[in-house]
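Chain by chain, the residues run as shown.
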Amino acid sequence: NAGVTQTPKFQVLKTGQSMTLQCAQDMNHNSMYWYRQDPGMGLRLIYYSASEGTTDKGEVPNGYNVSRLNKREFSLRLESAAPSQTSVYFCASTWAVVGNQPQHFGDGTRLSIL
Amino acid sequence: AQSVTQLGSHVSVSEGALVLLRCNYSSSVPPYLFWYVQYPNQGLQLLLKYTTGATLVKGINGFEAEFKKSETSFHLTKPSAHMSDAAEYFCAVSDQGGAQKLVFGQGTRLTINP
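So the protein lines, in turn, are chains V and U. So the first sequence is numbered by my numbering: it starts at 1 and just counts up by one. So the second sequence is numbered by my numbering: it starts at 1 and just counts up by one.
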């Protein structure tokens, strides 16, 4: 089973460029999430989608947009990349929007912005 | 807003020694609590979770954690460290209501000395 698949795995951008990070899950999960991981700061929630057709801001949404394309796919877009967005980005999914179900994570996209 | 504090960004123990990774959370209402492990260049994997009921929770790979409401703590332990335990460990919490927005601690990197 693939679980949560993120593409690309690595990307280098120049300041001002745009790009979309892709995420797909094959577990029929309802909820999907985007996090960024920075050294010494753990993971911080950027956006989430509690169910197909809904999206909401997390802790650090500025500079990002998201699209829940269908139940399987949840993309993250950087419209005008900035060096402060250099980070490792993780997508996660879970079956239940409330409760104690664990989130399943992809392997991450390592993004550098010059 | 919820916050999570992991005491010690780096912990080093000898192989066979006790592992103790500390986690404290800020909520006055017991949240759902999770420990995740991250191996190099991988996503996060669930070690264990606390929801309700028994305060001592057993997870994978011989790890366990004890929920102490009076201390707002959820420390992770393993009686005997193995070389394969070297990784980064994250404590996370989510409120019992709402869309399971995880709040992570800053992480603790565990090194095992031979």
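Treat the hints with care, since some could be wrong.
[Unchecked claim] Simulated crosslink set (PhoX-like; lysine-lysine; CA at most 25 Å straight-line):
{"id": "1", "chain 1": "U", "residue 1": "K58", "chain 2": "U", "residue 2": "K101"}
{"id": "2", "chain 1": "V", "residue 1": "K71", "chain 2": "U", "residue 2": "K58"}
{"id": "3", "chain 1": "U", "residue 1": "K68", "chain 2": "U", "residue 2": "K49"}
{"id": "4", "chain 1": "U", "residue 1": "K58", "chain 2": "U", "residue 2": "K69"}
{"id": "5", "chain 1": "V", "residue 1": "K57", "chain 2": "U", "residue 2": "K69"}
{"id": "6", "chain 1": "U", "residue 1": "K49", "chain 2": "U", "residue 2": "K69"}
[Claimed, not checked] Just so you have them, the derived chain U footprint on chain V, three or more residues with Cβ under 8 Å:
{"id": "7", "segment": "11-18"}
{"id": "8", "segment": "60-69"}
{"id": "9", "segment": "84-96"}
Please keep in mind that the hints were generated in silico from the structure rather than gathered at the bench. Ideal placement from N, C-alpha and C gives every residue a C-beta, glycine not left out.
Right, here's what the structure says about each hint:
1. U/K58 / U/K101: holds (23 Å)
2. V/K71 / U/K58: violated (32 Å)
3. U/K68 / U/K49: The given pair, whose Cα atoms are some 14 Å apart, holds under the 25 Å limit.
4. U/K58 / U/K69: holds (17 Å)
5. V/K57 / U/K69: violated (30 Å)
6. U/K49 / U/K69: holds (15 Å)
7. 11-18: violated (count 0)
8. 60-69: Violated - the segment 60-69 of chain V has 0 residues with a Cβ nearer than 8 Å to chain U, which falls short of three.
9. 84-96: It holds: at least three residues are needed, and the segment 84-96 of chain V offers 4 whose Cβ sits within less than 8 Å of chain U.
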